[in-house]
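Student: Here is how the chains run, residue by residue.
Protein chains: 4
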Amino acid sequence: MTQQQVKQCIEECLKCMQACNHCYDACLNEEHIGMMKECIRLDRECADICAYAAQAMSRNSPFAKEICRLCADICEACGNECKKHQHEHCQRCAEACFQCAEACQAMAA
Amino acid sequence: MTQQQVKQCIEECLKCMQACNHCYDACLNEEHIGMMKECIRLDRECADICAYAAQAMSRNSPFAKEICRLCADICEACGNECKKHQHEHCQRCAEACFQCAEACQAMAA
Amino acid sequence: MTQQQVKQCIEECLKCMQACNHCYDACLNEEHIGMMKECIRLDRECADICAYAAQAMSRNSPFAKEICRLCADICEACGNECKKHQHEHCQRCAEACFQCAEACQAMAA
Amino acid sequence: MTQQQVKQCIEECLKCMQACNHCYDACLNEEHIGMMKECIRLDRECADICAYAAQAMSRNSPFAKEICRLCADICEACGNECKKHQHEHCQRCAEACFQCAEACQAMAA
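Sequence order for the protein chains is A, B, C and D. Take any residue in the first sequence, count from 1 to its spot, add 663: that is its number in our numbering. Take any residue in the second sequence, count from 1 to its spot, add 663: that is its number in our numbering. Take any residue in the third sequence, count from 1 to its spot, add 663: that is its number in our numbering. Take any residue in the fourth sequence, count from 1 to its spot, add 663: that is its number in our numbering.
Quick caveat, the hints were computed from the structure, so don't treat them as lab data. On a predicted model such as this, the values are computed, not experimentally measured, just so you know. One should not assume that every hint holds.
Note: identical chains are not told apart, hence a pair may lie in one copy or across any two.
[What the hints assert, rightly or not] Think about it this way: if two alpha-carbon atoms lie no more than 30 Å apart in a straight line, the pair counts; the simulated DSS-like pairs of lysine-lysine are:
{"hint": "1", "residue 1": "Lys670", "residue 2": "Lys700"}
{"hint": "2", "residue 1": "Lys678", "residue 2": "Lys728"}
{"hint": "3", "residue 1": "Lys678", "residue 2": "Lys700"}
{"hint": "4", "residue 1": "Lys728", "residue 2": "Lys670"}
{"hint": "5", "residue 1": "Lys746", "residue 2": "Lys670"}
{"hint": "6", "residue 1": "Lys746", "residue 2": "Lys728"}
{"hint": "7", "residue 1": "Lys747", "residue 2": "Lys678"}
This is chain A alone, in the form it adopts within the complex (with noise of 0.2 Å):
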């Protein structure tokens, strides 16, 4: 990985990191709350993730290829639940999430 490459990915998390916990803040505020659990769980594991994993790069962490590759199945989850949800929040979480696990996988190989 270049400099220039994990720059990258770091900056992919942290807007993986930021749409997840939006979209979990806005899935609590959601009238039919008992269909979006299973978002709002999985909002929370992908955000904190992607913190990790963006401090861990940033700060040269020997793990950082192994945090990545975890963070890269977190986020594919994610998205995965977010997609089924019509929500401008869960299409836009989504969204960020593949973006992130595509940048996470390159990181980790």
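Position chains B, C and D against the provided structure of chain A, taking the given hints into account.
Tutor: Relative to chain A, chains B, C and D alone:
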């Protein structure tokens, strides 16, 4: 706070988190590491609260203001330590810390 | 604070973190999830600050007192929400929150 | 995994987190800090993943196994570094790391 101001404060926290983590890594690799120990310690403190504050703001935490007030204090302390050292990573980190402290103080007001 | 008091405050934070995370998971599985949304939100807030405070105290952070003051406020708010609900996980969580708030206030004093 | 095994794995993670943070703080205060730089770095890595794994298990994360697998690897690496140093904090930390690695491997299996 407008949405735009919150968004900008999140951006400052995330920039500061990256600068602190980069500085932490670079300090651990400095030849005269004994002089950098407070910097190493405060870089970690500051990176962690910045990541935490960015997460809190992006999930619309009811405690975002209090968290930003604490973040401002820690950024200030980290910036004051970093600016004592002539390494470029320390000078850049100090700058990011002071910018983040200012944004967090505005958020907390 | 004596070492023993710090150690006990760490223990309370870690118990509270576990109680909040357990309550969060259980709330997401409750039939009437709409009534639990504030509980879900505050459980996450509280678990995160408790984990953060425990880490800060155990690394002898120069900001441990300020962090514990914030932790006490968040624990208090989470406990007040949880105690409104009759679920056993909420009642247990409220108890852990109030115990942790007390320990953190003593630490912050 | 039984509930009892999960509970024990959480306990090991939290003990290891505390041992790593204590060792990190003590290493930063050692006279010959230059020899301790890998220990400082790995202590932070290990404390952070242990806190993260404990949170994940206590919220019944669908990714608990994967997170514990990563935690086991990081604990192993940190324990191997710590055991090279004769300081009591390093020896105790190594012990906590290896115990936690074992519990996390069982959890991940």
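Student: Now, for every hint given, state plainly whether the structure supports it.
Tutor: Outcome of the hint check:
1. Lys670 <-> Lys700: between (33 Å within a copy, 25 Å between copies)
2. Lys678 <-> Lys728: both (19 Å within a copy, 22 Å between copies)
3. Lys678 <-> Lys700: both (22 Å within a copy, 25 Å between copies)
4. Lys728 <-> Lys670: Both ways: Lys728 and Lys670 sit 14 Å apart in one copy and 29 Å across, limit 30 Å.
5. Lys746 <-> Lys670: This pair counts as both: shortest intra-copy Cα distance 27 Å, inter-copy 24 Å.
6. Lys746 <-> Lys728: Both ways: Lys746 and Lys728 sit 27 Å apart in one copy and 25 Å across, limit 30 Å.
7. Lys747 <-> Lys678: Intra 20 Å, inter 33 Å, cutoff 30 Å: intra-copy only.
In the structure shown, no violation is registered for any of the earlier numbered hints.
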